[in-house]
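Chains A and B supply the protein sequences, listed in that same order.
The first sequence begins at 41 in my numbering and counts up by one.
The second sequence begins at 30 in my numbering and counts up by one.
Keep in mind the hints are simulated off the structure, nothing from the lab.
This one's a predicted model, so the numbers in the text were calculated from it and none came from an experiment.
Yeah, the Cβ is synthetic: ideal placement off N, Cα and C, and Gly gets one too.
Misleading hints may appear alongside valid ones.
[As the list claims (entries may be wrong)] Non-contacting residues of chain A with respect to chain B, defined by C-beta distances greater than 10 Å in every case (computed): (1) 90; (2) 305; (3) 322.
[To be verified] Label pairs and their computed distance ranges (CB to CB): (4) 300/A / 99/B: 46 to 54 Å; (5) 330/A / 99/B: 41 to 49 Å; (6) 98/A / 111/B: 54 to 62 Å; (7) 290/A / 227/B: 53 to 61 Å; (8) 155/A / 227/B: 22 to 30 Å; (9) 71/A / 245/B: 20 to 28 Å; (10) 78/A / 123/B: 38 to 46 Å; (11) 140/B / 70/A: 44 to 52 Å.
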Amino acid sequence: MIPVLIGVTLVISSVVYLSPGNPAQIALGQNANPEAIEELEAEMGLNDPPHVRYLDWLAGAAQGDLGTSVRSQRPVSEMIMERLPATLELAIASMALTLIIALPLGVISAVKQYTWVDSLSMVFAIFWISMPSFWLALILILLFSVNWSIFPISGRATPVFTATWLMSLALPAIATGTRRAGLLTRMTRSSMLEILNEDYIRTARGKGIGDRAVIYTHAMKNAMIPIITLIGLQIPLIFSGAVIIETVFAWPGMGRLLVNAVLSRDYPVVQGTVLVYAVIVIAANLAVDVAYSYFDPRIKYD
Amino acid sequence: MSVGHSDSDDDEGDGTPKGGQGSRVATGQLARARTVLRRVMQNRFAVFGLVVVVALLVTAAFAPWIAPYEPTEQNYDALKEPPSLEHPFGTDTYGRDVFSRVVFGSRYAVFLGVVIVGIEMLIGVSLGLLAGYYGGWTEAGIMRLVDISLSIPAIVLALAIAGMLGGGLFPLIVAVSLVGWRGFARLVRGDVKSVMEEEYIESANAAGLSDFRVITRYVLPNAASSIIVYATLTIPTVILWSAGLSFLGMGVQPPKPEWGAILAAGRGDIDSAWWIATFPGLAIMLTVIGFNGLGDGLRDALDPRQVR
Numbered sequence: 041m042i043p044v045l046i047g048v049t050l051v052i053s054s055v056v057y058l059s060p061g062n063p064a065q066i067a068l069g070q071n072a073n074p075e076a077i078e079e080l081e082a083e084m085g086l087n088d089p090p091h092v093r094y095l096d097w098l099a100g101a102a103q104g105d106l107g108t109s110v111r112s113q114r115p116v117s118e119m120i121m122e123r124l125p126a127t128l129e130l131a132i133a134s135m136a137l138t139l140i141i142a143l144p145l146g147v148i149s150a151v152k153q154y155t156w157v158d159s160l161s162m163v164f165a166i167f168w169i170s171m172p173s174f175w176l177a178l179i180l181i182l183l184f185s186v187n188w189s190i191f192p193i194s195g196r197a198t199p200v201f202t203a204t205w206l207m208s209l210a211l212p213a214i215a216t217g218t219r220r221a222g223l224l225t226r227m228t229r230s231s232m233l234e235i236l237n238e239d240y241i242r243t244a245r246g247k248g249i250g251d252r253a254v255i256y257t258h259a260m261k262n263a264m265i266p267i268i269t270l271i272g273l274q275i276p277l278i279f280s281g282a283v284i285i286e287t288v289f290a291w292p293g294m295g296r297l298l299v300n301a302v303l304s305r306d307y308p309v310v311q312g313t314v315l316v317y318a319v320i321v322i323a324a325n326l327a328v329d330v331a332y333s334y335f336d337p338r339i340k341y342d
Numbered sequence: 030m031s032v033g034h035s036d037s038d039d040d041e042g043d044g045t046p047k048g049g050q051g052s053r054v055a056t057g058q059l060a061r062a063r064t065v066l067r068r069v070m071q072n073r074f075a076v077f078g079l080v081v082v083v084a085l086l087v088t089a090a091f092a093p094w095i096a097p098y099e100p101t102e103q104n105y106d107a108l109k110e111p112p113s114l115e116h117p118f119g120t121d122t123y124g125r126d127v128f129s130r131v132v133f134g135s136r137y138a139v140f141l142g143v144v145i146v147g148i149e150m151l152i153g154v155s156l157g158l159l160a161g162y163y164g165g166w167t168e169a170g171i172m173r174l175v176d177i178s179l180s181i182p183a184i185v186l187a188l189a190i191a192g193m194l195g196g197g198l199f200p201l202i203v204a205v206s207l208v209g210w211r212g213f214a215r216l217v218r219g220d221v222k223s224v225m226e227e228e229y230i231e232s233a234n235a236a237g238l239s240d241f242r243v244i245t246r247y248v249l250p251n252a253a254s255s256i257i258v259y260a261t262l263t264i265p266t267v268i269l270w271s272a273g274l275s276f277l278g279m280g281v282q283p284p285k286p287e288w289g290a291i292l293a294a295g296r297g298d299i300d301s302a303w304w305i306a307t308f309p310g311l312a313i314m315l316t317v318i319g320f321n322g323l324g325d326g327l328r329d330a331l332d333p334r335q336v337r
């Protein structure tokens, strides 16, 4: 875990270090005088060798100091903390939506394999997987916001946990979750099918246990292990998708912060945001590992 | 990894003699290719995918003949016109024909899909082979690299790389390739590890063949079918990511007719001119469905024993 995290910081710092452009020049603008730029370069430590700059940044990051934005002159960690809740809300909402749709649909498809239910849900899944999320977002806005005025066009309504907030969250969550739901439906179906072909399921059926009991008590529980793995793999993808969707809906999360920082070449903000994304993913994977041991008591961690 | 052994029973051909003077290996490969093709043709979704992919390639190749207008030709007498016979997909804010732009956009999709997946494959397959074949520290190091790359959400990393390089076609290719190779590496490493258990690898090693020969003659061919399937299924993802980055302004730049870029330009007009953003999105969707169908079909044809 720690080596991976250190690797991540190395990757981020290399990307920033290797990119062209002078952060001091960017901070001061095109017409700044050379002396002022030189002064700022020294102040920002840009003249230090790369490993010194990296270690300085790492030491700061370890204490929660991610540097200062070259654009707004505000502390990066403060900017990220403002945006973090919005991103987590969107990610959790779309994950929940994904699970609510994909798990039942996948299980039903497997149990009713080769029936019209199965075919229909597979057709849906293929469409969901193939739709570009940002396009779906625009279509949703066109239909539900512009034409029918059901949901707001963009933005995040505050305070949170109110009806208006939920309405503003709905379309972004759908747009982010749809592709994931398609993938998870198909994966749930195939891992459920695999389980249903196992000997112990045949034995259970042979003992005269009803269909429902076989599916719920014998098959589902065992299908959960591969499904949890799949859910774990979906987590970084949810955040990936949310980056684009936050931009479309002007959702004030970390993704939009990152996009704006990249466009304005605000290096410290880029560096900090990518790091926080990685920390979230690593923490989520840890949570998935814990979930394993709950569903499969044979798995134990020291 | 079940290809190659069970094919003889499938050999009820079309009656044509199988080239008596050709070498045995060539005949075997031809028969196998024919079996795979037949299995693909039996799968409706795969056939649909094949048709879409072929149509996409034809569109890309003959774009100047298919498109009625130049993709960047502006016409100030026909601004934001809805779809009509003259402009099947309507026109955009500069009076450019959206249909022609979407047709030319297929070139970007094909180019980006093939080039990026090619680079990913080159990096990923090489690293996967090294990891699986040599094991030990090499493997530990490479897999750690994969873990690191997996902990940064793909679009986040691609966005940072492409944006820091300044945006454009080349940064886009670099960014997506540097993010996507890990899938190939994981896949190939797994395949190689299972091949390494086989006795013929041991005997090849005992016979004194160099590592390079063992890898190219015995290890790689055994991983080939799963690499092909994975590559086919990666193309749609790459097309989606590229379009997404271009949509964010970090990939192909307007006025170039790339689907994501056209979509981004039509975004502000979604309420007054829905067609500008709608049609490139449909083109992306159709392309992705096509490659997914073909990839799924290939996978099932190459590995019929898998539960479906």
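Against the structure, the hints:
1. Residue placement check: residue 90/A keeps its beta carbon more than 10 Å from all beta carbons of chain B (closest about 15 Å).
2. Not every CB of chain B lies more than 10 Å from the CB of residue 305/A, the least distance being 7 Å, so the non-interface label is violated.
3. Annotated as non-interface, residue 322/A brings its C-beta within 10 Å of a C-beta of chain B; the closest such distance is 5 Å.
4. Look at residue 300/A against residue 99/B: about 34 Å separates their beta carbons, and that is not inside 46 to 54 Å.
5. The hinted range of 41 to 49 Å is not satisfied by residue 330/A and residue 99/B, whose Cβ atoms lie roughly 58 Å apart.
6. Between residue 98/A and residue 111/B the CB atoms are about 56 Å apart, so this pair conforms to the stated range of 54 to 62 Å.
7. For residue 290/A paired with residue 227/B, a C-beta distance near 56 Å keeps the hint of 53 to 61 Å intact.
8. One distance hint, 22 to 30 Å for the beta-carbon pair residue 155/A and residue 227/B, is violated here, with the actual separation near 41 Å.
9. The hinted window of 20 to 28 Å between residue 71/A and residue 245/B is violated, with their beta carbons roughly 58 Å apart.
10. The hint said 38 to 46 Å for the Cβ distance between residue 78/A and residue 123/B, and at roughly 44 Å that hint holds.
11. A hinted range of 44 to 52 Å is violated for the C-beta pair residue 140/B and residue 70/A, which are about 34 Å apart.
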